[in-house]
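A.B. asks: What follows is the residue order along each chain.
There are 2 protein chains.
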Amino acid sequence: MAMRPLMPLVLLCIILAPLPVSLASKKRHFKWEVGYIYWSPDCEENIMIGINGRFPGPTIRAKAGDTIKVELKNSLPTEGVVIHWHGIRQLGTPWADGTASISQCAIDPEETFIYEFKVDKPGTYFYHGHYGMQRAAGLYGSLIVDVADGEKEPFDYDGELNLLLSDWYHQNVQAQMLGLSSKPLRWIGEPQSLLINGRGQYNCSLAAHLIPGSRTCKRRRGECEPVVLRVLPNKTYRLRIASTTSLSSLNLAIEHHKMMVVEADGNYVEPFFVFDMDIYSGESYSVLITTDQAPSSNYWLSVGVRGRLPQTQPALAILNYQPNSPSKLPSSKPPIAPTWNDYAHSKSFSYKILARQGTPKPPTNPVRQIALLNTQNKINGCTKWSINNISLVLPPTPYLGSMRYRLKNAFDDRKPPENFAKDYDVMKPPKNPSSIQGSNVYKLEFNSTVDVILQNANALSYNVSEIHPWHLHGHDFWVLGYGDGRFSKKDVTKFNLRNPPLRNTVVIFPYGWTAIRFVADNPGVWAFHCHIEPHLHMGMGVVLAEGVELVNKIPKETLACGMTGKMLMRNHLP
Amino acid sequence: MAMRPLMPLVLLCIILAPLPVSLASKKRHFKWEVGYIYWSPDCEENIMIGINGRFPGPTIRAKAGDTIKVELKNSLPTEGVVIHWHGIRQLGTPWADGTASISQCAIDPEETFIYEFKVDKPGTYFYHGHYGMQRAAGLYGSLIVDVADGEKEPFDYDGELNLLLSDWYHQNVQAQMLGLSSKPLRWIGEPQSLLINGRGQYNCSLAAHLIPGSRTCKRRRGECEPVVLRVLPNKTYRLRIASTTSLSSLNLAIEHHKMMVVEADGNYVEPFFVFDMDIYSGESYSVLITTDQAPSSNYWLSVGVRGRLPQTQPALAILNYQPNSPSKLPSSKPPIAPTWNDYAHSKSFSYKILARQGTPKPPTNPVRQIALLNTQNKINGCTKWSINNISLVLPPTPYLGSMRYRLKNAFDDRKPPENFAKDYDVMKPPKNPSSIQGSNVYKLEFNSTVDVILQNANALSYNVSEIHPWHLHGHDFWVLGYGDGRFSKKDVTKFNLRNPPLRNTVVIFPYGWTAIRFVADNPGVWAFHCHIEPHLHMGMGVVLAEGVELVNKIPKETLACGMTGKMLMRNHLP
Numbered sequence: 001m002a003m004r005p006l007m008p009l010v011l012l013c014i015i016l017a018p019l020p021v022s023l024a025s026k027k028r029h030f031k032w033e034v035g036y037i038y039w040s041p042d043c044e045e046n047i048m049i050g051i052n053g054r055f056p057g058p059t060i061r062a063k064a065g066d067t068i069k070v071e072l073k074n075s076l077p078t079e080g081v082v083i084h085w086h087g088i089r090q091l092g093t094p095w096a097d098g099t100a101s102i103s104q105c106a107i108d109p110e111e112t113f114i115y116e117f118k119v120d121k122p123g124t125y126f127y128h129g130h131y132g133m134q135r136a137a138g139l140y141g142s143l144i145v146d147v148a149d150g151e152k153e154p155f156d157y158d159g160e161l162n163l164l165l166s167d168w169y170h171q172n173v174q175a176q177m178l179g180l181s182s183k184p185l186r187w188i189g190e191p192q193s194l195l196i197n198g199r200g201q202y203n204c205s206l207a208a209h210l211i212p213g214s215r216t217c218k219r220r221r222g223e224c225e226p227v228v229l230r231v232l233p234n235k236t237y238r239l240r241i242a243s244t245t246s247l248s249s250l251n252l253a254i255e256h257h258k259m260m261v262v263e264a265d266g267n268y269v270e271p272f273f274v275f276d277m278d279i280y281s282g283e284s285y286s287v288l289i290t291t292d293q294a295p296s297s298n299y300w301l302s303v304g305v306r307g308r309l310p311q312t313q314p315a316l317a318i319l320n321y322q323p324n325s326p327s328k329l330p331s332s333k334p335p336i337a338p339t340w341n342d343y344a345h346s347k348s349f350s351y352k353i354l355a356r357q358g359t360p361k362p363p364t365n366p367v368r369q370i371a372l373l374n375t376q377n378k379i380n381g382c383t384k385w386s387i388n389n390i391s392l393v394l395p396p397t398p399y400l401g402s403m404r405y406r407l408k409n410a411f412d413d414r415k416p417p418e419n420f421a422k423d424y425d426v427m428k429p430p431k432n433p434s435s436i437q438g439s440n441v442y443k444l445e446f447n448s449t450v451d452v453i454l455q456n457a458n459a460l461s462y463n464v465s466e467i468h469p470w471h472l473h474g475h476d477f478w479v480l481g482y483g484d485g486r487f488s489k490k491d492v493t494k495f496n497l498r499n500p501p502l503r504n505t506v507v508i509f510p511y512g513w514t515a516i517r518f519v520a521d522n523p524g525v526w527a528f529h530c531h532i533e534p535h536l537h538m539g540m541g542v543v544l545a546e547g548v549e550l551v552n553k554i555p556k557e558t559l560a561c562g563m564t565g566k567m568l569m570r571n572h573l574p
Numbered sequence: 001m002a003m004r005p006l007m008p009l010v011l012l013c014i015i016l017a018p019l020p021v022s023l024a025s026k027k028r029h030f031k032w033e034v035g036y037i038y039w040s041p042d043c044e045e046n047i048m049i050g051i052n053g054r055f056p057g058p059t060i061r062a063k064a065g066d067t068i069k070v071e072l073k074n075s076l077p078t079e080g081v082v083i084h085w086h087g088i089r090q091l092g093t094p095w096a097d098g099t100a101s102i103s104q105c106a107i108d109p110e111e112t113f114i115y116e117f118k119v120d121k122p123g124t125y126f127y128h129g130h131y132g133m134q135r136a137a138g139l140y141g142s143l144i145v146d147v148a149d150g151e152k153e154p155f156d157y158d159g160e161l162n163l164l165l166s167d168w169y170h171q172n173v174q175a176q177m178l179g180l181s182s183k184p185l186r187w188i189g190e191p192q193s194l195l196i197n198g199r200g201q202y203n204c205s206l207a208a209h210l211i212p213g214s215r216t217c218k219r220r221r222g223e224c225e226p227v228v229l230r231v232l233p234n235k236t237y238r239l240r241i242a243s244t245t246s247l248s249s250l251n252l253a254i255e256h257h258k259m260m261v262v263e264a265d266g267n268y269v270e271p272f273f274v275f276d277m278d279i280y281s282g283e284s285y286s287v288l289i290t291t292d293q294a295p296s297s298n299y300w301l302s303v304g305v306r307g308r309l310p311q312t313q314p315a316l317a318i319l320n321y322q323p324n325s326p327s328k329l330p331s332s333k334p335p336i337a338p339t340w341n342d343y344a345h346s347k348s349f350s351y352k353i354l355a356r357q358g359t360p361k362p363p364t365n366p367v368r369q370i371a372l373l374n375t376q377n378k379i380n381g382c383t384k385w386s387i388n389n390i391s392l393v394l395p396p397t398p399y400l401g402s403m404r405y406r407l408k409n410a411f412d413d414r415k416p417p418e419n420f421a422k423d424y425d426v427m428k429p430p431k432n433p434s435s436i437q438g439s440n441v442y443k444l445e446f447n448s449t450v451d452v453i454l455q456n457a458n459a460l461s462y463n464v465s466e467i468h469p470w471h472l473h474g475h476d477f478w479v480l481g482y483g484d485g486r487f488s489k490k491d492v493t494k495f496n497l498r499n500p501p502l503r504n505t506v507v508i509f510p511y512g513w514t515a516i517r518f519v520a521d522n523p524g525v526w527a528f529h530c531h532i533e534p535h536l537h538m539g540m541g542v543v544l545a546e547g548v549e550l551v552n553k554i555p556k557e558t559l560a561c562g563m564t565g566k567m568l569m570r571n572h573l574p
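Listed in order, the protein sequences are those of chains A and B.
Going by the UniProt record's numbering, the first sequence opens with residue 1, and the numbers climb by one from there.
Going by the UniProt record's numbering, the second sequence opens with residue 1, and the numbers climb by one from there.
FYI, nobody ran anything at the bench for these hints, they're computed from the structure.
Check before you lean on any hint, since a few could be wrong.
[Unchecked claim] Here are the simulated lysine-lysine pairs, DSSO-like style, with alpha carbons at most 27 Å apart:
hint: 1; chain 1: B; residue 1: Lys566; chain 2: A; residue 2: Lys73
hint: 2; chain 1: A; residue 1: Lys553; chain 2: B; residue 2: Lys566
hint: 3; chain 1: A; residue 1: Lys235; chain 2: A; residue 2: Lys408
hint: 4; chain 1: A; residue 1: Lys566; chain 2: B; residue 2: Lys352
hint: 5; chain 1: A; residue 1: Lys566; chain 2: A; residue 2: Lys73
[Said to hold, decoys possible] Quick look at which bits of chain B chain A covers, simulated, 3 or more residues with Cβ under 8 Å:
hint: 6; region: 99 to 110
hint: 7; region: 171 to 183
hint: 8; region: 246 to 253
hint: 9; region: 464 to 475
The beta carbon of each residue, even a glycine, is placed where N, CA and C say it ideally should be.
Using the sequences and the accompanying hints, generate a full structural model.
C.D. replies: Take a look at the structure:
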């Protein structure tokens, strides 16, 4: 009863303040120049692709409802470039998705292209190159969307820290690409370093004095200076964590600090506590930590390798309780990642991720179920990854244009398989490892609900099955469930339709399956692929399309190559 | 009197055989695919740009009057590409000259472009990349044009051997380009190896056993197997020699064999004998040798560095007198190049090159004299090369299209300077080393006769003046004369108008000048530049244009970038 007098006040607030999002939202304008730079991300100098002369690229910070406008000048001397805004759905702007051969023609050297798109949903995102293997050359940065003015996150915190995780190879990406398409395969191996916010330490550890047999880092300053996370005691911090690794699955832990997971891929999740968390390439999270430990110490934040026998030193950062000096190293050993192949631990983490109350629920009746078998194959002696026995090769004419204007022979127009042999044994290497290359498209009925079963399998060698984080462009999807072995029809009954998390990236565990559902409600053509850069380069992806006939006003600049380029030149496009 | 009865027979031959050139000429069709390859040109494996999986690219062999059609597919994953046909004038086909930003837009990855042009003149030519520094990545090969059927060379020989010379760096060209445009400059240094037909030996010598302190080459097989020139005793051979080095000036000698120089850059010269010859990047020669030495031996052919303190092992090949085994190494030391800075020797060779009788003579009255001062400069702390204080920067829109369609603001349309300060002291570093970047064009009156004085000068450091081989696209020019120090008006009286050689490449010696004359009779836009790859990348060139309004039917594919690309898309070009 005592509450009642407040009611009119609340109404008033809603009417007068804040301004409606559409009026308060801003256009945020960035001018970027992409070029080669000398940089020493792990204290070893190398050549990277930088933005405005730096690595990583600038952090974009915006509010939900804002429009991002990036004027991107390509100053690479001979290479084209594009930038993908990972996790941004590009509602109404499929041409701004930044995937070469799918949403646009690569931007030529010396040309400037304008990316303009809305960030409609708060969350932790990032951006990266999506042409050749330019992401692995260092072309990436953070993109953080705050709630709109007047909106509130469903959790409180006193401060925020941002961690963009990646891995780094000393071999240049041209060499990496050539090796991956060579016969026999020359595998890129494990990365030389793991990076936190673009900084790492090659072949040494900040905590060497605590780890027998480890080398001490000398004079690690400047571009490879260790990341220091400055905090005050007894406060709550939001850590935003995203991984844009080329290869590595990661595990992150902060000494003595438990983490409450609250966001995954720009969607709120039902909060849960962990002491360490797995992060796969393409994923992002927010966790809350409370600085409730002895304030006289600093603490290690450690990032190690998961899912592959670690051959790379963990990346370390210092959680610096102020006013301690940041150079006061913690006196205990940094947290160690769980055993690399402790998949039970990894699964336990993934299974805990559930939608926060209020998250939209999936429609209950999918009209279509597509099963995608992930296999490692041989094509003409080259090692490839295939999906339902097709290894993806992107065509010279981006799909968005060729499909919108119904061009013939721009790609393989045959319907790709939606399932795989009933007797395929996912626990063994493929009986017939030969596969084909293709550019086929899964055409989805507009606004239909689609289930995809991602089915993992044994690779070419016995007893090998790897983790693959699959990333979907243009959509979030619900993760309905995971399972071991081959998916069977009756697994559908176990799908979580009550509180499945919404995400844009999800893993398949070794020998397992993952089921997702999404609504094909975003007119455009969208990549769906393993986010491991060399795996995608080896064909591990598919292309989805929906409502392409509804896409209007495709900027001509995005069409100026391949067959659409030729038609534009002959004035054969509207 | 006894000869008379033959007359009708001779007439008969002329009438019936051979067919007139225009009917006998062929279209020669090549399908090439450009891509990265692993290759070991000097027995150290590296990544190169190859054609059809090999390095160097395939040799094109044609007859004068033939049409060459190269269907070029770009299979580099993210880089554009073009190929310049060095020495081919591209009469009527200026868009096929293969110079990015001048004659065409770079060919995008996965695209195929068709080069089609006539080879009108017999001679020794080559082809190479002309985008970024792709030539230095290995994108080159030989192009040899024989006389038309029924025609005869003005000299006889029994056999022919082809030598394409180059130098090779282990650092990739992306790194080289970044270093060259960095502040401070990171100079590429001297090459790791010299190559003959794409083969060399890194850090060792085939003749190590004859040279104290030298290392023996081990197991030099396969891609770096030494070149063997198989000859029979007492025959005359034509050696075709061309240099496509990135940096090095070279000297070539064959043990005990004198060489009769008969051709330079596709033009016959008055034969003269030498025991060694200088070859600058961009030049080609034919020499005749007679295998008149003791037939029980093989002999060294040696290629060494000129004009720079040699830090690279000479390249060696074996002149193999059959039936000796090619593995029978000569028992004497290979010829040694003259002292690197013995410019008197170099000049003596250049001065001997004179036109063979019957070579067209230059018109006597040039309507214009352009003096081009070559200086090393600083622009915003970066080291550049400038011509009359402008360091060339190529625009995103190729000139051929932007000039043909009179686009505004596609490049700096102001007239570039035709001379330099009267008090400029070419013997000293520039008083004011600062320069500007520009994209200006020297517009030449169509069919006019133009003299260019290439004036060398002191570089940024005292007592440094380098050799620069200047190459003109689209034309041959007459070399009227050379001189030391600054060119003065009265030097005109010393011009050789009697038998100046026709060439497409000519050097300026340290602190000297070189005078050339040509007729601006080839409608198009043409590069004229130092053929040293890093010097061109640092701005050492100019752009010439003539009769551009007469150029018809520019293939749209060559215009599909920059401003012409945008206009094509808007249907604003005819």
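A.B. asks: If a hint holds in the structure, say so; if it does not, say that too.
C.D. replies: We went through each hint and held it up to the structure:
A C-alpha spacing of about 16 Å is found between lysine 566 of chain B and lysine 73 of chain A, which places the hinted pair at or below 27 Å, so the restraint holds. Pair hint lysine 553 of chain A plus lysine 566 of chain B holds up; C-alpha atoms about 16 Å apart against a cutoff of 27 Å. The straight-line distance between the Cα atoms of lysine 235 of chain A and lysine 408 of chain A is roughly 61 Å, outside the 27 Å bound, and the hint therefore fails. The hinted pair formed by lysine 566 of chain A and lysine 352 of chain B fails the criterion: a straight-line CA distance of about 52 Å is larger than 27 Å.
A threshold of 27 Å between alpha carbons decides the hint, and for lysine 566 of chain A with lysine 73 of chain A the separation of about 24 Å falls inside it, so the pair holds. Check result for the region 99 to 110 of chain B against chain A: holds, 5 residues qualifying (beta carbon to beta carbon below 8 Å, three or more required). With 6 residues having a Cβ less than 8 Å from any Cβ of chain A, the region 171 to 183 of chain B passes the three-residue criterion, so the hint holds. Under the rule that three or more residues need a Cβ within less than 8 Å of chain A, the assignment of the region 246 to 253 of chain B is violated, with 0 such residues.
Counting residues of the region 464 to 475 of chain B whose beta carbon lies closer than 8 Å to any beta carbon of chain A gives 0, which falls short of the minimum of three for the stated coverage.
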